[in-house]
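*Asks:* One-letter residues, chain by chain:
Protein chains: 2
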Amino acid sequence: MDIALLLFDGLTALDAVGPYEVLWRIPGARVLLVAPEAGMVVTTEGTMALRADRSIDGLARADVLVVPGGFGTRKLESDEKVLAWVKRLDATTTITASVCTGALVLGAAGLLSGKRATTHWALRERLARHGAIVVEDRVVIDGKYASAAGVSAGIDLALLLAARLANETVAKTIQLGIEYDPQPPFDCGSPWKADEAIVKAVRERVGGYAPK
Amino acid sequence: MDIALLLFDGLTALDAVGPYEVLWRIPGARVLLVAPEAGMVVTTEGTMALRADRSIDGLARADVLVVPGGFGTRKLESDEKVLAWVKRLDATTTITASVCTGALVLGAAGLLSGKRATTHWALRERLARHGAIVVEDRVVIDGKYASAAGVSAGIDLALLLAARLANETVAKTIQLGIEYDPQPPFDCGSPWKADEAIVKAVRERVGGYAPK
Chain A
1 MDIALLLFDG LTALDAVGPY EVLWRIPGAR VLLVAPEAGM VVTTEGTMAL
51 RADRSIDGLA RADVLVVPGG FGTRKLESDE KVLAWVKRLD ATTTITASVC
101 TGALVLGAAG LLSGKRATTH WALRERLARH GAIVVEDRVV IDGKYASAAG
151 VSAGIDLALL LAARLANETV AKTIQLGIEY DPQPPFDCGS PWKADEAIVK
201 AVRERVGGYA PK
Chain B
1001 MDIALLLFDG LTALDAVGPY EVLWRIPGAR VLLVAPEAGM VVTTEGTMAL
1051 RADRSIDGLA RADVLVVPGG FGTRKLESDE KVLAWVKRLD ATTTITASVC
1101 TGALVLGAAG LLSGKRATTH WALRERLARH GAIVVEDRVV IDGKYASAAG
1151 VSAGIDLALL LAARLANETV AKTIQLGIEY DPQPPFDCGS PWKADEAIVK
1201 AVRERVGGYA PK
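Protein sequences appear in the order of chains A and B.
For the first sequence, the working numbering begins at 1 and goes up steadily by one.
For the second sequence, the working numbering begins at 1001 and goes up steadily by one.
Mixed in with the good hints there might be a few duds.
[As the list claims (entries may be wrong)] Here chain B is said to cover these stretches of chain A; the calculated rule only asks that three of the stretch's residues, wherever they fall, bring their Cβ under 8 Å from a Cβ of chain B:
{"id": "1", "stretch": "8-19"}
{"id": "2", "stretch": "41-53"}
{"id": "3", "stretch": "66-79"}
{"id": "4", "stretch": "173-183"}
These are calculated hints, taken from the structure and not from any lab test.
Don't be surprised by glycine CBs; every beta carbon is placed ideally from N, CA and C.
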């Protein structure tokens, strides 16, 4: 089973590595790290760098496609070459998934029209503009399309995908292996739970993604 | 504020990237990616690769040191050069932290003797051999030493460190920014919650770390 994970300049590292850490553990799975050009991609803040083993030109099919997010998706939303590849690959997958603003790339490729989907809480309006039916859940699955909310939600998404691609025992074994028994120190991980001033600060920074 | 994150061949990507994604967001923080040799390090399973910007020889001090885990720590536990560097750097830090089997490296460097600490649940006996007082909590803080349980626990650890290094508002803002409102699909992330057969399977794989 080939799982294509799209890397790109300006991605958020955890968006990609959360799902990666779960998906490579599925027996028989092979995670292919692919980017517009093979080689290094640098993250949003420009310090951490990950290696893409192949270019999108070098990958014509996959069983699963995962598109992570990050401020770099803003550029991808109008990158015709990448969007065409996403559409082509999607035609070969049984599951096409996104984390955070990766949903905006799927949306820009026209894949989420009329589909239920989610993204980072501060950018849901932008996802709706691509024709998606925005759902305020952490993970949303509509047929073969699976989307996760912001950044860390990719771990929850990937465990659900592991159950679907393999079975529940495999997913549970992976969850125990990565000791995913989260204990967030604060109860403020969603805008419904956090203080208003903090919600405002994050919305200004992340929502600044949207064009003026 | 300089935060040194130690990378090495055989690390588990999420052990490093979970804390990274939190710590770089602290205002004024600079995360330095350091490895025994500058250049690429490859993860446990040998597919994902991260770039280390500098070698340990090139870094003499830091405010914070974070050592992630992975099967590669088995080798580091007897790597005199790395252990000597960890000790030297620790003499300059205000916080020295570990994720998963990173605690075994701090232990092998002699830093956890008589200290309360934790590691991946399947390797706690091995940590005790380094003289640590093993505590079965997700994050354990004893003075300047902070340790997290397996893999994903590095996110919880890093948010606590953000509160300590900056303040609670900063930590909460980061938590909301990465939408860390986890909803694990199964309730099996610790050995006390998972089915016996699954615990056995993971213990055999991860516990295989220990020498015969």
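*Asks:* Are the hints correct? Go through all of them and say.
*Replies:* Right, here's what the structure says about each hint:
Counting residues of the stretch 8-19 of chain A whose beta-carbon sits less than 8 Å from any beta-carbon of chain B gives 5, enough to reach three: the coverage restraint holds. Counting residues of the stretch 41-53 of chain A whose beta-carbon sits less than 8 Å from any beta-carbon of chain B gives 7, enough to reach three: the coverage restraint holds. With 0 residues carrying a beta carbon less than 8 Å from a beta carbon of chain B, the stretch 66-79 of chain A misses the three-residue requirement, and the given coverage is violated. Taking a C-beta to C-beta cut-off of 8 Å, the stretch 173-183 of chain A contributes 10 residues in contact with chain B, enough for the three needed, and the coverage statement holds.
Of the numbered hints given earlier, the model fails hint 3 alone.
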